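So the chains spell out like this:
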Amino acid sequence: MNQTTNSKLPKRFLTEKTFQGYFFEDFEINQQLIHGTPRTITSGDISLYIALTGSQHLLNCAETVAQACGFKRLPIDNLLLFHIAFGKTVPDISLNAVANLGYANCRFSSPIFAGDTISVTSKVIGLKENSNGKTGIVYVHSIAKNQHDTTVVEWKRWVMVHKKTPSAPMGIDHIPDLESSVTINQNLIPDDLNFDNFSSDWTACKHRLTHYQVGEIINHRQGMTINDSDHSLATRLYQNNARVHFDQHMMSQSAAGKRLVYGGHIMSLCRAITHSGLANGLWLTAINGGAHLNPSFAGDTVYAASIILDKGHFDNREDIGWLRLKTYGFKNIDEETINELMMEPEQLRISKQCVLELDYTLLMPN
Amino acid sequence: MNQTTNSKLPKRFLTEKTFQGYFFEDFEINQQLIHGTPRTITSGDISLYIALTGSQHLLNCAETVAQACGFKRLPIDNLLLFHIAFGKTVPDISLNAVANLGYANCRFSSPIFAGDTISVTSKVIGLKENSNGKTGIVYVHSIAKNQHDTTVVEWKRWVMVHKKTPSAPMGIDHIPDLESSVTINQNLIPDDLNFDNFSSDWTACKHRLTHYQVGEIINHRQGMTINDSDHSLATRLYQNNARVHFDQHMMSQSAAGKRLVYGGHIMSLCRAITHSGLANGLWLTAINGGAHLNPSFAGDTVYAASIILDKGHFDNREDIGWLRLKTYGFKNIDEETINELMMEPEQLRISKQCVLELDYTLLMPN
Amino acid sequence: MNQTTNSKLPKRFLTEKTFQGYFFEDFEINQQLIHGTPRTITSGDISLYIALTGSQHLLNCAETVAQACGFKRLPIDNLLLFHIAFGKTVPDISLNAVANLGYANCRFSSPIFAGDTISVTSKVIGLKENSNGKTGIVYVHSIAKNQHDTTVVEWKRWVMVHKKTPSAPMGIDHIPDLESSVTINQNLIPDDLNFDNFSSDWTACKHRLTHYQVGEIINHRQGMTINDSDHSLATRLYQNNARVHFDQHMMSQSAAGKRLVYGGHIMSLCRAITHSGLANGLWLTAINGGAHLNPSFAGDTVYAASIILDKGHFDNREDIGWLRLKTYGFKNIDEETINELMMEPEQLRISKQCVLELDYTLLMPN
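So the sequences go chain by chain: A, B and C.
The first sequence runs contiguously to residue 374 in the numbering used here.
The second sequence runs contiguously to residue 374 in the numbering used here.
The third sequence runs contiguously to residue 374 in the numbering used here.
Every clue listed holds true.
Note: identical chains are not told apart, hence a pair may lie in one copy or across any two.
For lysine-lysine, the following DSS-like pairs were computed, each having C-alpha atoms within a straight-line distance of at most 25 Å:
# : residue 1 : residue 2
1 : Lys-172   : Lys-131
2 : Lys-171   : Lys-131
3 : Lys-172   : Lys-136
4 : Lys-153   : Lys-80
5 : Lys-214   : Lys-25
6 : Lys-25    : Lys-172
No lab work stands behind these hints, which were simulated from the structure alone.
Keep in mind that this is a model prediction, so the values were computed, not measured.
With the hints as extra help, turn the sequences into a complete structure.
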C-alpha cells in the first residue's frame, strides 16, 4: 500500500478538468462523437415517466395488453427512450447551445424493455456559420443502440452554438439534406406488434384509424401545470445536464430570470395530453420534425391540440395503419383561443402562447 | 404503401373526439362500465409510493419480512393499489364531478405484487336526483381484478355529478344499501399471511393488539407539508386525470384559486403518519367508510390522529387479530388543538381544519 | 368471530403511543439499538436516485459497464445505500437532535443490488455532556447488513441531543477514538470489481488516476437548485422521518422559518455535480469524515469544488487505484468566489456559503 503520509496540507492550485462543451470551431463534417454514460433503463423509469408526464398510453403501461399485441414484455415509451438517448448527446453537442433549432427524421426502429442498456453516438452532418461571425449551426445525426448493438432510435437535430473566437465568416456552409418526413413503410411497425386482437375496451376509446380524417382538428382539452420539481426531476432522470434547466442562481441573470423547462418535457406532456382523443394512437413510431416555438417555465399550464395531416394502411396488414399528425403545445390560454389558433396556421406559428410543433406518425388499429 | 401526397395543407375543421365525462342522465341502474387502461404495477411504483407519502409500513417495504410472514414476495401497499384502481374509474365516473361524497365497503381481497396488471369495472348501484334539478348522486360498485381475473380490491363510492340539462327532478331516487362496515371474518386475512414468527424488533414498536383499547386516542404527531409537485406526481402516477388536480390556469378561476389535492393523497399521507403509534398495524385490510371533510392544497401541512373503535380476534388464529379505527386528517393546526378536537366529536366534524375521516380495519400481531 | 357490538361511541381518552425519540439520559455506553423497518431496495430506487440527484456515475447506471467491470448486476449507488441505512437510525438516534455534528469512518464493504434488504443496528460508543447542562453528544457506530447478514456499510457519527431534564453536568465524558481516515487497503475494492477492460469512452472523460495531482483544485461548475419537492421526496424515499425536513407548519416557528434540507441530500447533489471533472471516480468506497457546515433550504443553488488530498495504488493491482479528496458544497455564489475560497482554507470553513465538507476515497482506473 503506498499511502502517502499527508500530515501537511498540500499546496493548492487550480486546474481545469471540467468539460465545458464544444464550440463551433471544434466540430468538423463527418466527425464521430461517442457519448459517455450508457444507461440501463429500469422499471423505475417506467413508473417515473408516468408520474412525471401523466402518460396513459396503453402499450407502455399494461403488460397484459402489450403481450396480447405480440410483445414479450412491456415496451418502454418511445419518448422516454428518446429523452434518455437525447440526454447522452447534450454534453458533447448542446451543453452551452444558444438554441435547439429543430429535429427531423427521428425513427424508433426497435422497441426496448426494462433492463436494456442504451449507448449513443453522433456524427456531424452539417455546419453553417452565421453571418454575425459569433455563432454557427451544427447538424448531427445521432444513433442510440441497445446492448445487442441494435439501433433503437436515430434522429437528426440542429443547434446554434457559439464560436470560441468571433470572427468574420470563413464560408463554412454545409447544410445537409433533411427529409421532410420519415418514409412510411412496414419497417415502422415493430417486430412482433400486431393489433389482430385489439379491443376498444382496453382504452375505452372507440376512435380507430377509420374515424380520423385529414384536416381534422382535435382539442385535447386537458391542462397540465408544470412545477419546478417536475421538470427538474424529468430532466435529471434523462441525465441531461444543460445548466439552463437547473441553475436558478445563474438563470436569475438571464432575460427570463428563471430556469428553462427542457423542451422534451413539453413533448412528453403534449403526448400525454393527446391521450384524450387519440387513446388508440398506441405506438409513436416516428417524429418527422419538431420545433420548440417558445420557452416554457415552471408555473406554465400546457395544453395541446392536433391536426391530422395524413393517414394510410400498410401492405398486407389488415390490423394496423398509420396516422400522421401535428400536435401543437400551448401555454396559459383558453380552449377557445386554441381552437381559433388551430384554424389559422399563420397565427399559430407566431403566437407567443404556442410552445411546440411536433409532426409525428402513430400506429393505430384499423 | 398508399402514402398520400400531402403537399397542400389539408382543409381544417374542428371535431369532438375528446371524451369529456358523463353527466347524470348518462347513468342508469345496473349499467356496467369497463374502464380503460389496465395498469401493470412495477417496483418503480413501490419506490415512488414511499417517496411520495413517506410510508414506512413494514410489509410493503421489507421483502425479507414479507416472506417471514408467509408472502412469496413483497406485496404492494393496499392504498397504492386502491389509488391506481380508483384512477381507472375517474374518466367514466368523476371526471367532472362536483364532489366525491364518500366511500364504503372497500375490501382488499387478495394481495398483489410487482408485475401484476390491474383492470377495473364499475356497476351503477344507485341514482338520486338532487332537488335543485341541476345535479344528482351516482353510486357505483367498482371491482379491480388482476391478470388472473382474481378480485384484488372492490369498493363502493358516491359522487355528485352535473345534469346535462337542468330540469325539475323526475323522481329518480334509488339509494342503495351501504353496509356500515366490512364484515369481519377470516376472509380479511390474505392467503399465506401469518404472524407466527413476528418480532417487534422488525418495527421497533412494542405495541401489539393487546395494548390498544377501545376509545383510545393516539395523536401521531408527525406533520407532512404538501408540495405542488408531490401531489401532482402522485395523482399522475395513479393516472387519475381529473383536471382540478393539475390545471392551475383553469383553477385560478375557481373559488380557492388553486389546484385541489387528490383526496387519496391525503389518505396515504395520514396512513403514513400513523406509522408513529401504529407501526404494527401491518395490513390495511378494509376501509369501512371515508369522507374528505375539507379540501387540501399545496402548502398545507397534514397531521393525523386516530381513535380505536373496536378490536378482536379471528377463530383459530392465535397469531393475528384486527383493529378497527378512525383516523382523522388535519391541516395547519397544533398538536393541542388536535387533541381537543379528538376529544369532542361534534367539534371535530365541523372543523375547517379536519380534512379526512377514514374508518378502516387493520390486521395486527396478537 | 368475537366482533364487539359497537353501537355506542366509545368513551374517549388520550394515550401516548407515539415514540418521540430518546434523550441524552436514555443512552448508555455499549448500548445496542436494533433499528426498525428493514428496507428492500428496488430498481425504482435506482431511477428515483438519478431523478432526485442528477447522478451520472457510470457503475450505478449502466449494467453493461458494471458487468464489464466484474459485477454480476448493476450495483446500487453507495450514497443511496448510505441514506437508506442512515434513515433507519434516525428514529432512535436523531429524531429530535439539536444538530448532526459529524461523520467518520464510513466504509462500504460490500456492494448491494436491487432486491437486497437492508437492516441496521447501532452501538453507543461515546457520550459527552455539554457544560450548559442542557445537551450532550452521543457517538454511535452503525452497521447495515444485507439479507445474508453481510455488512454492507458501517459508519460512526455524533449528534447533539437534548437532556430530558437539564441539570449540572454529572461528569459523563467518554469520547471515543475516531480514526482520521478509513485505512487504505485492498478490502476497499469490492469483490469482483476490476478495471482491466476500462475504456474512457464509457465516461467520455480522459482523466484517470495518473492525471490527478495532490493539491489540485477542481471547480465542478454545475449548479443544482433545490426544490421543496426534490428534497422532500428524497428524504421520504430514505424513510428518514426527522420532522425538520417535512413540517412547514412547525418550521415556520423556527429561526429560519422554513424546512431544513436533509444534509445527505446535499452530499448526493455534490457527488453528482463532481461527475463533471471526476467522471472516472467510479466507486465511492469510503467517507473519511464529513460535516454540514451550514444549513440548506429549498431555493438554494448548490455548487461543488474538490481538492485532491492524496492518491495511490494497491499491491498487485495494475487496473485500479485510489484518490482521496475533499469536496466542498457551496450555495448561491459565483464560480470565482468558489475558486477564491478553495484557495484559502481558513476562509472556506467560516464561509456562510459553504454547506458541506466531505472527505472521501474514490476508486479509479489507473
